[in-house]
Amino acid sequence: MIAFLLRRSAELLLTLGVLLLVVFAVLRLAPGGPAQVLLGPDRYTPALEDRVNHVLGLDRSLPEQAVRWFRAVLEGELGTSYFHRRPAAQVVLERLGATLLLAGLAFALSLAVGVSVGVFAAARQGSRLDRLLSHGAVAVIATPGFWLGIGLILLGSVWLGILPSAGMAPIGREGDFGARLRYLVLPVMTLAAGHAASLALYARSALTEVLTSDFVRTARAMGASAQRILWRDALGAAAVPIITMAALNLAHFLEGSIVVETLFGWPGIGQLTTASVARRDYPVLLVISLWAGIVVVTANLAADLLTRFMDPRTVEE
Amino acid sequence: MPASRPRLPRLLCGLCLALLGLGSALSAARGAAPPARPLVLGSLEEPGSLSALADLPHHFPGDMPQTLLFDSLIQYLPDGGIGPKLAQRWEVSAGGTVVTFHLAPDARFHDGRPVTAEDVRFTVEAARDPATKSSDEGFEAVESVEAINPQTVRVTLARPTPRFLVEGGSRGIVPRHLLEGKDLSRDSFNRQPIGSGPYKLVSFTPGQSIVFDGVPDHYRGAPRIARVVFKILPDQNVMLTQLRSGEIQYALVEPRDLPVVEKIQGVRVLEVPTTRFYDITPNFQRPYWQDRRVREAVLRALDREGIVKRLLGGHGHVVHSNATPASWAYNPDVPRYAHDPARAQALLAEAGWQPGGDGIREKAGQRLSFAVMVRNVDRTLEQVLVVAQQQLKLAGIDMRIERLEPGVFTSRMRAGQFDALSRIWNPVYDPDQSVLYRTGNRYGGYSNPEVDALLAKGLTAADRAQRTRIYADIQRLLAQDIARIYLYAENELHAVAADLTGVAPHPVNLFWNLNQWAGER
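Residue numbers (the working numbering), protein chains in the order written: chain A, 118 to 434; chain G, 591 to 1111.
Since the hints were made in silico from the structure, they are not lab data.
Please note that the accuracy of each hint is not assured.
Here are a few chain G residues that sit away from chain A, every Cβ distance over 12 Å (derived from the structure) [said to hold, decoys possible]:
#	residue
1	S799
2	E844
3	R846
4	A1043
5	N1103
6	A1108
Label-pair distances were calculated between CB atoms; the ranges are [said to hold, decoys possible]:
#	chain 1	residue 1	chain 2	residue 2	range
7	A	M427	G	D825	42 to 50 Å
8	A	G193	G	R1004	33 to 41 Å
9	A	L138	G	G1030	39 to 47 Å
10	G	G836	A	D421	47 to 55 Å
11	G	R900	A	N170	38 to 46 Å
12	G	D825	A	Q207	24 to 32 Å
Note that the Cβ used here is the ideal one computed from N, Cα and C, for glycine as well.
Build out the structure end to end from the sequences listed, making use of the hints.
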């Protein structure tokens, strides 16, 4: 087990290193630079740009910039945001809470709704309701997040007028939990929908397979109740692939939060990402990449460990 | 099994309703006693650093927080003149290289410490130090700063320049006692600044809002609105929705928003002419641009009045040279080239360009065809160019539009790799545009020794009257030479709550006198 953890940790570090190198290169390949953004559209002159590039160290060669940045990262220094003029890690950190709240709730909701719908459909396999749910899930998966979000804004904010369309809290009442809750409804639903649907389909197929296996037939023959078989025995047996799927989905939550946060003006890391790309704020983008890399790699590791714990047969030795 | 059938959907519906209900109930209970209504300003831009060292206040609404938090030495007035702020008065030496400022004795930072000559010296030096990663705009010509006594500061310039007083004088002054010895490129001050402006910072919630409270004992008088909130919104539609619901009392709007905005009760639209204008800059390296007749033909072929009327909805005007009526240096009396397609045709024929097979004129086997590059973020300009393209085609000129990512646009502009480019120019604080028109410039390479001499003179002339004459001459010469295909200037449209009084248009910064705004709140 310890050897396994060590090996996976080494892989994790290597993955992160490669990821950052790629992100660093891709950012610099994109045309434009921070100088034009910092100077704004209407007072750009080459002389001003030269000064900004010099001040930010962007007039050095790319390999030199990369080496300097990686060396600083190893020393625990993640750089200074060009735009915010504060440590990049701090800028990202203050947005972390908002994203964790949104993604956490969406993850929990998608897990609860997805698995429930999956189990519900699997138990009625072949019925009209099953077909309706399955087709519905496919339709939701096929709907892009921004489109669904706009639809929900139309419904909830424009037509019904009961939910706020953007922001995280009413001005001046940021500490008011009840008021904030209303701001969560639309973005959480938008972010959760696609994952809930894919999880539902996945849970349905995993359960369908389990429900035809010998032990289920034996359990039925022995008189176990349908509820017990479905929710305890069958779901227990199908849990491993579902958990793996959910963990792998985490990466998509990060990706989805970029769209959802931008759409709903949710002040989290997703919104910061879009804004920082437009501003060419390289240090902030690198910190976000580092953070996203750690989350994805750790989630995969956690899924592995959980699978091993729940199903000892997956241990290779 | 049948027992579980209705459970799930009902459970989900119940959960959603409960969440909603709980939210509304809680917010109703908490929101029972709201504080006095603040003035809420909507913005699509979030300011990065709030420190005055980051930037010269140029763009708004993004720069509004800085205007509220930091006072500068002088006040740039709506008519382009300057008035007192931290400096009660100032003297400029005969040669124009020494400027002495006398500070208001009762000016204080928000922590109670007085604003002194040392703070001014520290601000200038910090802005010029590359290690602080600050903008040195306005201070480029400064040679040294001396604190004569706590209330008197003397700035020596390497060369006389009228830009120092307006631009350098408009930079916010930062407190030395809080910043000396710190890494200003990343200090927490950039997020929680202490200035000497009429408002002090209460809170800054990234991506959401910035809250300011008035300083009651401010040396320029207490602001009339006690609390101002700067609200960051994700897009223009949300902004309009919030304007309609009364959640915000200010928004910068576009001509296409006007039909919606004008229907909102309790909101009026303030139309402000600006110093910004657009042109098509020819690259004089191309032989066809060197012929003045071709440049005039392009101007004559364009119906610029029609473009302003239809594409800008009349919220702007045609420009004929490099200044707009919002500038104090504006000269209305320059050669104008009205829309005249027949004259355009005649000029081209005279220059030897004959109609070719596809309607595009040709000369010695070369088609009269050029590409104009435009940044893909300038939406209105792009529409204007599409209309211009059609009008030029009628005259037998083929103009191709190249939409480029801003970075690519800039690198090609720097390398001189373009036939023509179209973009915004904004001589905000001062009419000087030497960098654009001087011989050897990297913006198309226009050259005229007479203009060179005037540009140099304009920077050393001491008084406004003399400068006005110089810039009037420059504008006349540029229009005569057709140095650019000048297009149009846009007005700014500000939607403000009708009950707000004291809002006064300003070519650079609408929030310049926010401390004098008042309203029923």
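Each hint, compared with the structure:
1. Distance to chain A contradicts S799(G) as a non-interface residue, since its nearest Cβ pair spans about 5 Å, not more than 12 Å.
2. At roughly 15 Å, the least C-beta separation between E844(G) and chain A is larger than 12 Å, which holds for a residue marked as non-interface.
3. No Cβ of chain A comes within 12 Å of the Cβ of R846(G); the nearest lies about 19 Å off, and the non-interface call holds.
4. The claim that A1043(G) is not at the interface with chain A holds, since no C-beta of that chain comes within 12 Å of its own (minimum 22 Å).
5. Once the 12 Å rule is applied to beta carbons, N1103(G) is consistent with being away from chain A; the minimum gap is 23 Å.
6. The claim that A1108(G) lies off the interface holds: its Cβ sits roughly 20 Å from the closest Cβ of chain A, which is beyond the 12 Å cut-off.
7. At roughly 45 Å, the beta-carbon separation of M427(A) and D825(G) lies within the given 42 to 50 Å, and the hint holds.
8. Taking 33 to 41 Å as the suggested C-beta distance range, the pair G193(A) and R1004(G) conforms, at roughly 37 Å.
9. Remark: the range hint 39 to 47 Å for L138(A) to G1030(G) is upheld by a beta-carbon distance near 41 Å.
10. Under the hint 47 to 55 Å, the C-beta atoms of G836(G) and D421(A), about 53 Å apart, fit the expected range.
11. R900(G) and N170(A) have their C-beta atoms about 41 Å apart, which keeps the hinted 38 to 46 Å range intact.
12. For the hinted restraint 24 to 32 Å between D825(G) and Q207(A), the CB-CB distance of approximately 27 Å keeps it satisfied.
The structure fails to meet hint 1 from the earlier list, while all remaining hints are met.
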